[in-house]
Amino acid sequence: MKIAVASGKGGTGKTTIAVNLAAAFDQAVQLLDCDVEEPNVHLFLKRDNIAERIVTMPIPEVDETRCTGCGECGCFCEFNAIVSVGSKPLVFPEMCHGCGGCQKICPEQALRETPVRIGTTKTSTSRHITLTEGNLDVGLAMAPPVIKAVKAQVQNELPAILDAPPGTSCPVIAAIRDVDYVIMVTEPTPFGLHDLALAVDMVNTLGIPFGVVVNRAGSGDHRVHEFCHNRNISLILEIPDDRRIAEAYSRGELIVDALPEYKPLFARLKTGINTLVHGVHR
Amino acid sequence: MKIAFTTSGDNLTAALDSRFGRASKFLIYDLEQNTHMVIDNNQNRNAAQGAGIQSAETVARFGVDALVTGHCGPKAFRTLKAAGIKIYNSSAGTISDALEMYRSGKLTEANSADVDSHWT
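Here the protein sequences come in this chain order: A and B. With the first letter of the first sequence counted as 1, position 13 gets the number 13 in this note's numbering; the numbers rise by one all the way through. With the first letter of the second sequence counted as 1, position 78 gets the number 78 in this note's numbering; the numbers rise by one all the way through.
Hints may contain errors.
Below, computed lysine-lysine pairings styled on PhoX-like, alpha-carbon distance capped at 25 Å [stated by the list, open to error]: (1) B/K106 / A/K88; (2) B/K86 / A/K88; (3) A/K88 / B/K81; (4) B/K25 / B/K81.
Rather than coming from a laboratory, the hints here were simulated on the basis of the structure. Keep in mind it's a predicted model, so treat the numbers as computed, not measured.
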């Protein structure tokens with residue numbers, strides 16, 4: 001079972017939900033921080049046995065003795081990562097998506113792929129949680145390959161919770177595309193609603209079942225509730241706007257530890273999703 | 001010899017576009033024939049990324065020897081250089097002003113990109 005925690009708007013509480021949901025499990029669970037541009041799950045867990053791996057991407061390299069400057073590679077590349085202007089091709093590594101197409105299409109076998117470092121993954125343990133976090137190197141823009149490297153470490157026999165990046169662009173798609181269920185976190189504000197609507201369109205396009213969690217309930221208006229009602233979207237949890245939650249968060253504490261009265265909320269979320277996912281599978 | 005100018009217009013009185021990669025059109029002027037043609041660049045203008053590289057490929061395909069534009073980023077610069085195209089940055093208001101400055105030798109060839117990449 002793979003569950004992604006996503007949101008349209010940033011800062012709605014994805015990490016809070018993901019980490020507290022993981023803590024609510026009474027069995028071994030995997031937690032994957034797929035927000036590789038700014039992973040922050042680790043701030044809430046005391047990590048042991050940290051193992052780091054380097055993530056690389058295959059970038060083409062031109063063998064100038066073989067290249068005839070035919071330009072096939074440049075015509076093929078959708079991202080302008082390799083171009084030939086009546087010359088030997090120029091490679092722009094920062095544009096490359098690592099698909100390997102240029103190498104396959106080259107009639108002279110003049111291209112070779114060289115692995116280039118783009119980030120790291122770190123796997124660690126914290127009580128019953130195995131955390132894998134991705135970290136894209138500073139200055140780079142290509143998050144999806146690092147997200148895929150994080151997801152490649154999922155052990156299918158254990159439940160996995162994925163903390164997705166915000167928004168609705170490629171990194172989010174890379175994080176959520178093969179999950180069983182998406183928890184969509186929002187806040188009851190006009191911004192929250194606007195970006196929730198975009199994110200709902202995204203998961204509907206991908207055909208993934210989802211439900212909405214309203215964080216800081218009571219702080220804004222009722223339009224998120226009306227939206228969910230009108231679209232027949234299940235509202236699976238509301239977390240009240242409680243200053244003590246923000247204070248615990250700012251100290252890097254889990255809600256379920258700092259404020260035990262909220263523990264049943266996350267336990268119910270866990271049970272509810274379990275039922276939904278298995279219902280979906282039937 | 002052919003020179004490319006960046007523009008959003010269709011003739012020599014049109015304004016010189018300060019952008020290269022995302023210019024809407026290129027006006028290509030033939031110095032020997034004193035004629036010009038206009039190429040549409042809308043496809044690159046709306047590219048998510050790599051517009052400068054693609055635009056450089058476009059002007060190279062039309063066999064230009066020089067480019068006069070407002071600004072040129074590092075990836076476009078590298079591609080234009082590989083194609084053997086000389087780059088001149090100009091703040092001239094119109095294409096005809098820029099052409100006049102080129103003819104009278106008032107434009108100096110750029111030896112590096114003059115703006116940063118939009119991406120990294």
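**Request:** Go through the numbered hints given earlier and state which of them the structure violates, listing their numbers in rising order.
**Result:** Hint 1 is the one this structure does not satisfy, whereas the remaining hints hold.
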